[in-house]
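Each chain, letter by letter, is given below.
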Amino acid sequence: MKIVDMAQELHFELGQPTDLSVPAISYWLRNNIGILNNRLNKDIIVDDNTLELYPNLGEAEKSIYKKIYECYFYDLKIKQTLNSINNDSLLEVTDGGGTVRRINRNETSKVYLEAKKQSFSELDMMIHDYNINDVGPLQVAGDDTVVGSFITDKYFTPRPFNRV
Amino acid sequence: MCMNLTGTQGNSFYKRLVARDSDNNIMNLSGFTASGYIRASYGAGYTNDNVYVPSSGILLNLNPQIISGTNGSLYSSGYVDINVGRTGMAALPCSYLLFDVQVFSGADYARTIEGGYFVINPEITY
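From first to last, the protein sequence lines are chains E and U.
Position 158 (the first sequence) corresponds to 158 in the working numbering; numbering is contiguous.
Position 57 (the second sequence) corresponds to 57 in the working numbering; numbering is contiguous.
If you're looking for bench data, these hints aren't it; they were derived computationally from the structure.
The structure presented is a predicted model; accordingly, all values stated were derived computationally and were not measured.
Glycine residues also receive a C-beta, built at the ideal position from the N, C-alpha and C atoms.
Careful: at least some of the hints might be erroneous.
[Said to hold, decoys possible] Simulated DEER-style distance windows between Cβ atoms: (1) U:Ser-35 / E:Ala-24: 22 to 32 Å; (2) U:Ser-12 / E:Val-46: 21 to 31 Å; (3) U:Met-3 / E:Leu-113: 51 to 61 Å; (4) U:Asn-4 / E:Leu-113: 28 to 38 Å; (5) E:Asn-38 / U:Gly-43: 18 to 28 Å; (6) U:Asp-49 / E:Lys-42: 22 to 32 Å; (7) U:Arg-86 / E:Gly-98: 52 to 62 Å.
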C-alpha cells in the first residue's frame with residue numbers, strides 16, 4: 001500500500017478534519033517509520049528513489065502504524081490547545097448585564113488527553129496481539145533428537161528419552 | 001522569503017516570484033541566473049556518510065526563468081517564473097516537500113528569493 005493511501009484512510013477515519021490534509025499526514029508517515037520499527041522490531045525503510053516504504057506494510061502493520069498516528073494526532077491537539085492557552089487566557093467576560101463565556105481550553109485539553117490515553121491503550125493491545133500472532137521459533141535447525149541419557153537409581157528403570 | 005506553494009500531482013504548475021533584496025527592494029536581475037530544486041528534506045543531497053552529492057536527492061528541477069530581461073516593461077521587475085509541466089509534477093510524491101529558488105551573479109553572489117514547503121496533493125486521474 002502506498003503511503004498516500006494510508007494517509008487518505010487516516011484522514012477519513014479521523015473525521016476529515018479541516019486543519020489536516022492528506023499531504024501533511026503523508027509527510028508524517030514518511031518521516032516517522034522509526035517508531036513502528038521500534039515497536040514491532042522491524043527494519044522498514046523509506047526508499048530513497050520512490051519515497052515509499054520498503055518492504056511494503058502488511059495489513060497488521062498498517063493498522064498499528066495508523067494507530068500510532070492517531071496517538072500523535074491527539075498529542076498534536078493537546079499541544080495546540082496548550083499553545084492557545086498561553087496566547088488567550090480569557091475565559092469569561094461580563095459587562096452591562098451580559099456575559100460571554102468562552103470554551104474552557106483547559107477542559108478541552110483534558111478531553112484530548114483522555115482520547116490520547118485511550119488510543120495509546122488500544123495501540124498497546126494491538127502490538128501485544130501482533131506479537132502473539134507474529135511469533136515464530138527463533139531456530140528450527142539443531143540436534144534435539146539425540147537420545148538423552150539420565151542418571152538412574154534403584155527406583156527408576158533407565159530408559160532412553162527422545163525429545164521429539 | 002518563506003512561501004509555501006501548493007500543487008497537484010500530474011497538473012502543470014506555474015508561479016511568478018518577485019526577487020527582493022535585503023531591504024525589500026525589487027532586484028534588477030540583469031546578468032543573473034536562477035536555480036531551484038525540490039527535495040524531500042534538507043539533507044536529501046547527502047549520503048549516510050554525510051558526503052554532499054549535488055545531483056542526489058533532487059525530486060524536481062524547477063528550472064526557474066528570469067523574466068526581467070534587459071529592456072522593455074519587465075526590465076528590473078525582479079520576476080522569476082516557475083513553470084513545471086504535468087510530467088514533472090506527476091513524478092512528485094504526495095507530501096510536504098521542500099523547495100527554494102536562488103539567483104546567482106558573478107562568481108560569489110547568491111540569494112534565496114523564495115523557499116518553503118511545496119505541498120503536493122494526490123491525483124486520481126493519471
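Taking the hints in turn, this is what the structure says about them:
1. U:Ser-35 / E:Ala-24: 22 to 32 Å: Holds: the Cβ-Cβ distance is about 28 Å, inside 22 to 32 Å.
2. U:Ser-12 / E:Val-46: 21 to 31 Å: holds (27 Å)
3. U:Met-3 / E:Leu-113: 51 to 61 Å: violated (35 Å)
4. U:Asn-4 / E:Leu-113: 28 to 38 Å: holds (31 Å)
5. E:Asn-38 / U:Gly-43: 18 to 28 Å: Since the Cβ atoms of Asn-38 (chain E) and Gly-43 (chain U) sit about 21 Å apart, the hinted range of 18 to 28 Å holds.
6. U:Asp-49 / E:Lys-42: 22 to 32 Å: Since the Cβ atoms of Asp-49 (chain U) and Lys-42 (chain E) sit about 24 Å apart, the hinted range of 22 to 32 Å holds.
7. U:Arg-86 / E:Gly-98: 52 to 62 Å: holds (57 Å)
In terms of the numbered hints stated before, the structure departs from hint 3 and from no other.
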